[in-house]
Structures are given as structure tokens and as C-alpha cells.
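Position chain B relative to chain A; hints supplied.
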Amino acid sequence: MSIKGKAYIGGVFEHPIRLATDQSTAQLHAECAKGALEDAGLTKDDIDGYFCAGDAPGFGAMSMADYMGLKLRHMDSTETGGSSYVLHVGHAAEAIAAGKCSVALITLAGRPRSMRPGGGGGGRPGAAPSDVPEAGFESIYGGSTHNTYGMCAMRHMYEYGTTSEQLAWIKVAASHHAQWNEHAMLRDVVTVEDVLNSPLIADPLHRLDCCVVSDGGGAVIVVSPEIAKSLKRPLVKVIGSAEAPKGPNGGRNLDLTFSGAAWTGPPAFAEAGITPQDIKYASIYDSFTITVLMQLEDLGFCKKGEGGKFVADGNLISGVGKLPFNTDGGGLCNNHPTNRGGITKVIEAVRQLRGEAHPKVQVPGCDLALAHGTGGSLGTRHGAATLIMERE
Amino acid sequence: MTDTTATAPQVRKIPAPAINNESKPFWEAAKEGRFLIKRCVACNEPHWYPRVLCPFCFGETKWEESPGEGVIYTYSVMHRTPTGPYAIGYVTLNEGPAVLTNFVDCDLSALKIGQKVKVKFQETEGGPPVPVFSPV
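As they're listed, the protein sequences go chains A and B. The first sequence begins at 86 in the working numbering and counts up by one. The second sequence begins at -6 in the working numbering and counts up by one.
Chain A on its own, in the form it takes in the complex (with noise of 0.2 Å):
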């Protein structure tokens, strides 16, 4: 069975609040998920699926769906770090068309920046408990994003000859769309000397190659095709999905210059039908510039080892280069919601086939969109989603 046309993407919403000092996390869940029933036209009795990961306190899905009220006939709470918001909808699809729901509500939000404390150090605390398997052999030596991250820009650096200059186009290309974004938290236009010069914070990656941390969330509603055409939205349809695991596969041929992608993108183009060539616009993981740099490559955009020059002279600008990307500024300058930037991936993807992205980056007869997820990390184990969408 495939997904292929089954479901629909209703609603999304994108909290605007990047500081979330006066707010609780359980509170910012469900103003995401009111926001999204508006802007699909739905209320809450309306939501009968829902779908929330690691970030949504309490036990699983439970405790939010208590919260918020759902009477609920599906719930999924897979969770795969940031990629698990672009998941659930392929997961969502799924349920509407086995027809255990026609409603499903996902949420993300969380504070890390208002809760963070002392507001530094990217280390994890502590070691993580003993059960976990990999906990006493890794947890142990400090990794965290940043130089998990470093590890394998290093590498493909090492491999493909990729450039730290290449890394930062992708930064800048950010920052052009992030420059039309009210609610991004950085909108100055950098430059790649402006990336260069930042601190260094963990080889081969600078400060400018890092996302933010920012407070908020997002929601999407994902409904049946019945649903959908009732609605008074354009019709943003699901076309293709698939997802993966990758990790270091117990030491043996470890390759640190691929992602999950590269299982995760040809099937589900395949679902699609559709080739990267056909992509309008592409939503791409950025937690870092070399998770865009290594997704793209593995999405098949351009080929291995040749994402450097892909992303190069403004190639991934909207209005500039071959292929639109984080049109809304993306996580490396709008906004990365309690870590977690999934949501805001299908979120810009949709606002784009909606023809409601800001003016100035909105790419013009956008009817095919791509959303990719990597969350964990990069390094270590990370899970991989692919979302492919499409105007109808």
C-alpha cells in the first residue's frame, strides 16, 4: 500500500515566540495546536489522531492529550529526535489511510533557551543511564552536537575536499531568506568572511555554521482527502514518505560522510514518482551547515561529494540559485524549536506550496516540495525522514 495521495495537510502553525520565559511547555503544545485548527478551519473536537515525540512532557502521548482535551482513536509517539515531526506525517498518512483516523494533530514545542542553564557548553549532561547500551562507551567523552557534527564535516572535508567556505554559502544563503522573516531571530544578510571569522566552536564548524537556540513550536494537521476538499485551504498532498535509522552499525565500515538519507530519499521519491530533478523547493534539516551539505547529496540533488560546489555562489538563495532552501531562514537563523526543527521543515514547505511564503522568497509556481529530517546526531545514531508534497 502506498500513501501516495491518501492524506493531506490541513493546518500548520508556527509559533512566533522565540523566548518562552512566561510560558509552560504543555501551554506552548497547545497554542500550536490552536493555531494550526485555524489556519486549517477545524476545531479540536475535529482531532481524532496525534502524534508528539520526546519533547511533549508527560508519558508518551498521553499526558498532552489529557492536557489539551483529545478524544483520540490513533496516537504515535515515535520519536526520532528533530526529524520526528516530518515521520509523523508519513506515519499520519499511514493511519488516515488505514482509516484509524481522518484528523491528526502534531506537536512540537519546548524552552531550551529559557531553560538552559548558565546558557552554555554543548556537552550532555552527566552519563546517561546505565541501560542504555551505548551510554558507558560513549556518553563519557563529551560529545555533543557541535563536535559530533565536526566529526563528519571533518571527514567529508578529508574525502571530498570540501571547504569551510562551501559550508558557509549555505549559512548565507539563510540568512537572505531569513533577512524577510519578522519572527527569525538573526536577519542580518552574513557573508562567508562573516562565517569564517565567527569562533570557531568545534573543527571544522564555526558559531555561524551552528543553528540557533530558540524557545516555541509549531503543529501540523494532516487529514483525509474527503476532509481536505471541505476545507477552505489550498490542497498540499502527500505524495511520497519514508524514514531510517542510521547509527555506527557496530564499528564496522564506518562512514560518517553519508546521512540516512540515503535510504530514506529513493523510496521515497519512488512512492512520489517523481525525481530531485522535479523539486521546486526543498525544506533540509540545518542544524548545522553540514547537515545540509550531506542531506542534499544524499537526497540525490546533486552528487556524492559534490555538494560543496552544489551549495556554492547562492545556489540554494531563492530567486537566485537551482534549488530554494529554508525559505523562512531555517534553523540557522529563524528559528530551532526546542532543538528540534522538523516541524518547521513541513511547515515551510507548505507555506510554499500555498503560495504563502513571504513575497520575497516565495518560489513562483511552487507545486512539488521536498521536507527532510535528520534528528539525533550526525555522528553517532541519527533518524532520517523524507516528506515529498504537492500542490494539487
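None of these hints come from the bench; they were simulated from the model. The beta-carbon is built from N, C-alpha and C at its ideal position, and this holds for glycine as well. Keep in mind that a hint or two might mislead.
Covered stretches of chain B (in silico footprint by chain A; criterion: 3 or more residues with CB under 8 Å from a CB of chain A, positions within the stretch not fixed) [unchecked claim]:
1. 4 to 15
2. 69 to 82
3. 92 to 104
Example chain B residues on the side facing chain A (calculated, C-beta under 10 Å, incomplete) [as the list claims (entries may be wrong)]:
4. W20
5. I30
6. P39
7. H40
8. Y42
9. P43
10. R44
11. C47
12. P48
13. F49
14. Y66
15. T85
16. L86
17. G89
18. G107
19. V123
Coordinates of chain B only, in the frame set by chain A:
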């Protein structure tokens, strides 16, 4: 045992590793300065980190002592840290598996992919020593 305090004024302290029933023999050997890896008795493949069942074929595995020699697969020096820079990376052991670790007792700015390294054990905060690697 390496005296890390002699080489740098501030060194990131390594927390005690989380130990469970499956990993306990590794840490008992680590206390004696021996570096163990696991090898499958069915398919003969070594792997890392150690599991009771082979991650490649689900065969039974056995411990074996490794000289802990290999080359740097990749690394990253963490600069934004209150305890001074430290290097994390993967070593590809001569037996095959890649091992996540820290590189110590060396000029961090001179680390190179492909460089030969060897295991040593570094003290932790209240736990057994953990394997780290230095250039040979």
C-alpha cells in the same frame, strides 16, 4: 594510568562510565589496563561497542584482548568548553571496528585523519578508567 594533570592545567574530567551487566567484564579488564573487544564465535566478526549477541548475525560473542592500535578515522576539537579544548573522534582499530574516543596527551592542533594511535586508560571521576587514544 595516565597522569593528565601534569600535561595541562585544565583538563576535562571524564565522568564515571555507566556500567551494566553486559558491559561489566570490559570495565573489570579496564581496571587492569587491558582493552577488550568482542568477536562473534559464529561469523568471526569483531564489533564495537561490546554486545552479548553479534550485531551482524545474532551469534554468541566472546571477549578478546586487543592491543588497541589503529588510525584516526575522524576527529573534532571542541573549543567552546569551560575546561579547555578536548578532542573527540573515532579510531578504526586494526581489527576493524571503529571506536568513539578522546585523543589525549598530544598537540590537539596537530591531529590528522589517518594518524596511527594506541589506546591508554584515563582516570574517571569515581569509576573505572576509560579507553582513550594517543598518537604513537
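Cross-check of the supplied hints:
no., hint, verdict
1, 4 to 15, "holds (count 9)"
2, 69 to 82, "holds (count 10)"
3, 92 to 104, "holds (count 4)"
4, W20, "8 Å, holds"
5, I30, "9 Å, holds"
6, P39, "8 Å, holds"
7, H40, "4 Å, holds"
8, Y42, "4 Å, holds"
9, P43, "8 Å, holds"
10, R44, "7 Å, holds"
11, C47, "8 Å, holds"
12, P48, "4 Å, holds"
13, F49, "6 Å, holds"
14, Y66, "6 Å, holds"
15, T85, "7 Å, holds"
16, L86, "8 Å, holds"
17, G89, "7 Å, holds"
18, G107, "8 Å, holds"
19, V123, "5 Å, holds"
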